[in-house]
Amino acid sequence: MNRRIWAMIYRHLCLYRHSWPRMLELVYWPTLQMCIWGFTTSYLTRSDQGSGQGSLAVAGGALIAGVLLWEVTLRSQMGVAITFLEELWSRNLGHIFVSPIRPWELLAAQIAVSVMRTLFGVLPAVGLAWLLYRFDLFSIGPIVILLFINLMLMGWWVALAVVSLILRHGLGAEVLAWSVTFGLAPLSAVFYPVSVLPAWLQPVSLALPSTHVFEGMRAAMLGEIRWDHLAAAAALNALWALAAAALFAWQFRRARTSGALLNLGE
Amino acid sequence: MLAPGNAVSAENLTKRYGTLAAPITAVDDISFTIPQGGTLGLLGGNGAGKTTTISMLLGVLLPSAGRIRVLGHDMATDRFAALARMNFSSPYIALPARLTVRENLRTYGHLYGVRRLEDRILELSDQLDLHAFLDRPAGQLSAGQKTRVALAKSLVNRPDVLLLDEPTASLDPDTGDLVRTWLEQYRAESGCTLLLASHNMAEVERLCDTVLMLKQGRIVDQGAPADLVARYGRDDLEQVFLDIARNTAA
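Residue numbers (the working numbering), protein chains in the order written: chain A, 1 to 266; chain B, 1001 to 1250.
Think of the hints as simulated: they come from the structure by calculation, not from any bench. Possibly wrong hints are sitting among the right ones.
[Unchecked claim] Pairwise CB distance ranges (calculated):
no. : chain 1 : residue 1 : chain 2 : residue 2 : range
1   : A       : Met1      : B       : Pro1035   : 36 to 44 Å
2   : A       : Arg17     : B       : Gly1191   : 33 to 41 Å
3   : B       : Asn1247   : A       : His169    : 38 to 46 Å
4   : A       : Pro103    : B       : Gln1239   : 41 to 49 Å
5   : A       : Gly170    : B       : Pro1035   : 33 to 41 Å
6   : B       : Ala1076   : A       : Leu239    : 25 to 33 Å
7   : B       : Arg1158   : A       : Val204    : 37 to 45 Å
[Unchecked claim] The following residues of chain B were derived to be distant from chain A, with all beta-carbon distances above 10 Å:
no. : residue
8   : Leu1062
9   : Arg1098
10  : Glu1103
11  : Leu1122
12  : Ser1125
13  : Pro1137
14  : Arg1180
15  : Ala1188
16  : Arg1206
17  : Asp1227
18  : Arg1231
19  : Asp1236
[To be verified] Take a look, some chain B residues computed to stay more than 10 Å from chain A by CB distance:
no. : residue
20  : Ser1055
21  : Thr1100
22  : Gly1109
23  : Asp1126
24  : Leu1134
25  : Lys1153
26  : Asp1174
27  : Asp1209
28  : Ile1219
29  : Val1220
The structure displayed is predicted, hence computed values, not measured ones. Just so you know, even glycine gets a beta-carbon here, dropped at the ideal spot from N, CA and C.
Based on the provided sequences and hints, a complete structural model is requested.
Below, the structure is given as structure tokens:
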């Protein structure tokens, strides 16, 4: 591995090793979400058994799968954005940018840390879903891996856009690291099909890769593999990633012009 | 043309901030060179342009005009090649506080591609007396210890060009003197080129071959410390600095 990328991964591994609250935070939210929605689903399933329909049980499974997969997007986005913020909080960005690390190498390290954070946070919740509710995410089939990858990709380009805004506005934009992806959830058809949205909002929803992932997920749970949705998700991810990369390049150059790279942490 | 043999060359360097209607000129058309192995001091009051100049030399701030070459590399087009052979220390930029000193040095050692990194860390620990707190978090160190660690970080890659922004700020006289002595030794042994921005005139007089006096972004005078003192008819560089800062030069 490129040593400069490893340097930044190592720096964050050390940080987590010395900070149990950070480790706890990684697991806390996905597990909490899992429990809330899992128990809600259990309640709905019980009511459904009383009515003898069974359709709510299917919807409940989709709900839990939606919670788990949405956490992938959320955690991968926060993984990159918070890894960048850690450098601002420790006022270390100046040292990094006067070293020979290239911006893309810094981003690659942040993405690698994000993968570790996501797996560390989401896998326990996946295990808990099986233990508590007998819900096996992998029963959706191998396609779940492709859904997972697409959602991670989306998390990364959203994070790249957030980092660009932090470069532009400094710590004033810090709150975006936590809020942006939450704001995309209603548009992403995580818990309901896109057809539920008002007609005027559906094109906006369909412009997001996550919408196609969750439409594909629900189809897969009913035994149908929707390659068209997967292809749309991948294409949209590529498109949005290019746009986010252009935004980052623009804001990085702007930060070098304004001197923000040395002053952002202050 | 830039003279050969110079480790650092800045040519017509200018930095403007603000809008076209109300520009603020932080550095105004300055040119200077530092020969290989030389030590240049940047002197000036607050807002004179010292940190702006250093930031441009390090490539983290783009000049509005002018050209910088470090170790033969154009900083506008080839800065990463130069940055691998440079380093920087400033008390105003921290190292990650939760990481131990050893972990910080490992991080920067990897960033700069240092070979036999563990040996280098031990070597720096011997030279800068870091052993007692090598495995303590950087955030728990005293100001003097932090300065030594920052210095160790800035030397981890055995830089050919070292930029120091107020390296002894907030240090007690004893620790400040130790740092200055160590810098003198390092320069003598390694042939490193040094650029130093400082408000400590005695430090500049002791360490620097040449001094640039900056005021409002312009070079208002330059020369060897002893020559400047003689030219202004003063006893030391501090008096020269005050003359220039207060416009009371004879």
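Hint check results:
1. Met1/A x Pro1035/B: 36 to 44 Å: With a Cβ separation near 38 Å, Met1/A and Pro1035/B satisfy 36 to 44 Å, so the hint holds.
2. Arg17/A x Gly1191/B: 33 to 41 Å: holds (39 Å)
3. Asn1247/B x His169/A: 38 to 46 Å: holds (40 Å)
4. Pro103/A x Gln1239/B: 41 to 49 Å: holds (46 Å)
5. Gly170/A x Pro1035/B: 33 to 41 Å: At roughly 39 Å between Cβ atoms, Pro1035/B and Gly170/A fall inside 33 to 41 Å, so the hint holds.
6. Ala1076/B x Leu239/A: 25 to 33 Å: holds (31 Å)
7. Arg1158/B x Val204/A: 37 to 45 Å: violated (55 Å)
8. Leu1062: The assertion about Leu1062/B is violated, with a minimum of 5 Å to chain A.
9. Arg1098: Incorrect as stated: the minimum Cβ-Cβ distance to chain A is 5 Å, not above 10 Å.
10. Glu1103: violated (4 Å)
11. Leu1122: Check passes; 18 Å lies beyond 10 Å.
12. Ser1125: Correct as stated: the minimum Cβ-Cβ distance to chain A is 18 Å, above 10 Å.
13. Pro1137: violated (7 Å)
14. Arg1180: holds (22 Å)
15. Ala1188: Given a closest Cβ separation of 25 Å, the condition holds.
16. Arg1206: holds (26 Å)
17. Asp1227: For Asp1227/B, whose nearest Cβ neighbour in chain A is about 32 Å away, the distance exceeds 10 Å, so it holds.
18. Arg1231: Non-interface label stands for Arg1231/B: nearest chain A Cβ at 34 Å, farther than 10 Å.
19. Asp1236: Fine: 32 Å to the nearest Cβ keeps Asp1236/B off the interface.
20. Ser1055: violated (6 Å)
21. Thr1100: At about 8 Å from chain A, Thr1100/B fails to clear the 10 Å cut-off, so the statement is violated.
22. Gly1109: Gly1109/B is in fact no farther than 10 Å from some Cβ atom of chain A, at 8 Å.
23. Asp1126: Its Cβ never comes within 10 Å of chain A, the nearest being 23 Å, so this holds.
24. Leu1134: holds (14 Å)
25. Lys1153: violated (7 Å)
26. Asp1174: Given a closest Cβ separation of 26 Å, the condition holds.
27. Asp1209: holds (24 Å)
28. Ile1219: Since the minimum Cβ distance to chain A is about 20 Å, Ile1219/B lies beyond 10 Å and the statement holds.
29. Val1220: Fine: 23 Å to the nearest Cβ keeps Val1220/B off the interface.
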